[in-house]
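**Student:** Protein chains in written order, with the numbering used here: chain V, 1 to 88; chain L, 1 to 88; chain P, 1 to 88; chain E, 1 to 88; chain G, 1 to 88.
Treat the hints loosely; a few may be bogus.
[Stated by the list, open to error] Think about it this way: if two alpha-carbon atoms lie no more than 16 Å apart in a straight line, the pair counts; the simulated EDC-like pairs of lysine to aspartate or glutamate are: (1) 37(V) x 33(L); (2) 23(V) x 87(L); (3) 23(E) x 53(E); (4) 23(L) x 45(L).
Bear in mind the hints are in silico, worked out from the structure with no lab data behind them.
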Amino acid sequence: MILAQVMGNVVSTTKLSVLRGMKILIVQPLDGDTKAKGQSFLAFDTVQAGAGDVVLVMDEGNSSRMILDEPQAPIRTVVVGIVDDIER
Amino acid sequence: MILAQVMGNVVSTTKLSVLRGMKILIVQPLDGDTKAKGQSFLAFDTVQAGAGDVVLVMDEGNSSRMILDEPQAPIRTVVVGIVDDIER
Amino acid sequence: MILAQVMGNVVSTTKLSVLRGMKILIVQPLDGDTKAKGQSFLAFDTVQAGAGDVVLVMDEGNSSRMILDEPQAPIRTVVVGIVDDIER
Amino acid sequence: MILAQVMGNVVSTTKLSVLRGMKILIVQPLDGDTKAKGQSFLAFDTVQAGAGDVVLVMDEGNSSRMILDEPQAPIRTVVVGIVDDIER
Amino acid sequence: MILAQVMGNVVSTTKLSVLRGMKILIVQPLDGDTKAKGQSFLAFDTVQAGAGDVVLVMDEGNSSRMILDEPQAPIRTVVVGIVDDIER
Numbered sequence: 001m002i003l004a005q006v007m008g009n010v011v012s013t014t015k016l017s018v019l020r021g022m023k024i025l026i027v028q029p030l031d032g033d034t035k036a037k038g039q040s041f042l043a044f045d046t047v048q049a050g051a052g053d054v055v056l057v058m059d060e061g062n063s064s065r066m067i068l069d070e071p072q073a074p075i076r077t078v079v080v081g082i083v084d085d086i087e088r
Numbered sequence: 001m002i003l004a005q006v007m008g009n010v011v012s013t014t015k016l017s018v019l020r021g022m023k024i025l026i027v028q029p030l031d032g033d034t035k036a037k038g039q040s041f042l043a044f045d046t047v048q049a050g051a052g053d054v055v056l057v058m059d060e061g062n063s064s065r066m067i068l069d070e071p072q073a074p075i076r077t078v079v080v081g082i083v084d085d086i087e088r
Numbered sequence: 001m002i003l004a005q006v007m008g009n010v011v012s013t014t015k016l017s018v019l020r021g022m023k024i025l026i027v028q029p030l031d032g033d034t035k036a037k038g039q040s041f042l043a044f045d046t047v048q049a050g051a052g053d054v055v056l057v058m059d060e061g062n063s064s065r066m067i068l069d070e071p072q073a074p075i076r077t078v079v080v081g082i083v084d085d086i087e088r
Numbered sequence: 001m002i003l004a005q006v007m008g009n010v011v012s013t014t015k016l017s018v019l020r021g022m023k024i025l026i027v028q029p030l031d032g033d034t035k036a037k038g039q040s041f042l043a044f045d046t047v048q049a050g051a052g053d054v055v056l057v058m059d060e061g062n063s064s065r066m067i068l069d070e071p072q073a074p075i076r077t078v079v080v081g082i083v084d085d086i087e088r
Numbered sequence: 001m002i003l004a005q006v007m008g009n010v011v012s013t014t015k016l017s018v019l020r021g022m023k024i025l026i027v028q029p030l031d032g033d034t035k036a037k038g039q040s041f042l043a044f045d046t047v048q049a050g051a052g053d054v055v056l057v058m059d060e061g062n063s064s065r066m067i068l069d070e071p072q073a074p075i076r077t078v079v080v081g082i083v084d085d086i087e088r
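Only chain V is shown next, with the shape it has when bound in the complex:
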């Protein structure tokens, strides 16, 4: 999993039917100091995250399909939690 911040979401009308109804977020990876680092990517939302939220992103297909209880869905990356605090 990585730390990331939600930047917005993507609207796509031609995507596969199995993906319809799912919210696709654009997320920016963060380093341990919550500074942006690395390339943004897309993730499905499971926790009603909104723009600006710092979130936990799972980036493995098998794990993501387990989380969504969709063993056959073509899904790799999912937002699985909203971060309340970072302790160090």
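Given the coordinates of chain V, assemble chains L, P, E and G onto it according to the supplied hints.
**Tutor:** Then chains L, P, E and G, alone, in the frame of chain V:
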């Protein structure tokens, strides 16, 4: 999945028979501001995307094989949607 | 596996129920000279590692699920050892 | 898959018996303009590619094992086609 | 697979029991000209490689478990050969 822009396509006459008839696109990853970032790569087309289109790219083998309903095909990366808009 | 140093941990109240009770560490990858290099990421703890510890991190889902004996858990990255010494 | 150019090949006498007889190429990734970009890596040859050829490289284990019809072979990366032209 | 050079090895007393007795090498990736490039990582040894050796590293879990004949071991990255020569 990531956001990417279609740059063109590759012509290869010696590729594996299982891959014949599939259109192989060159796609350039984009960041959340739709600026090019990172290294271009190849993806199979499923949505009749053309050069210049901003697209959703699935980059996991199991997911891609599910999308194409080809559980045995040697395919990892597939264009699965054309992006109409980005909300932030 | 990679070498990494523990930087702290993340507190998230809305994460998936299957992940509750697990400690999520922020880890910074190190090169062979134990200097920070590359982007930090998150890993589940299995060895009671604390901030500052140099650790071994397993970053493959199948391996991580085997380590935790949780074949169905959505887990990809796990701290599996604390490093005592590096020989060269 | 990615675009890459063949740079040469590796000779290794102590490699695993299952890998004997296979030609291991050094390939350099290319961007969409066929300029070198990113780090070179190793790939098994399936199309008699030679130094200087621009090739299609499959970089997923399950796909590569399907291509070689070797479901049990420890193989991840395979050259699967020689590129004749790039259209844009 | 990638080309890499062995830099040393890691000593860890708290690692998982299934990993005890295995030698964990620190390896530095090399480009096609055998210059260091990219971030070092850890790999299990199968060929009695020592510091300074240029080696072939397999970096996929399923392949690595096949090589070690340990279908259940939490292992992703293995040194599988020592390089004698590079032809170009």
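**Student:** Work down the list of hints and note, for each, if the structure agrees.
**Tutor:** Structure-based check of all given hints:
1. The straight-line distance between the Cα atoms of residue 37(V) and residue 33(L) is roughly 15 Å, inside the 16 Å bound, and the hint therefore holds.
2. Between residue 23(V) and residue 87(L), the direct Cα distance comes to roughly 11 Å. Compliance with the 16 Å bound is thereby established for this hinted pair.
3. Under the criterion of a C-alpha separation no larger than 16 Å, the hint pairing residue 23(E) with residue 53(E) is consistent with the structure, at around 15 Å.
4. Between residue 23(L) and residue 45(L) the alpha-carbon distance is near 6 Å, which keeps this suggested pair within the 16 Å criterion.
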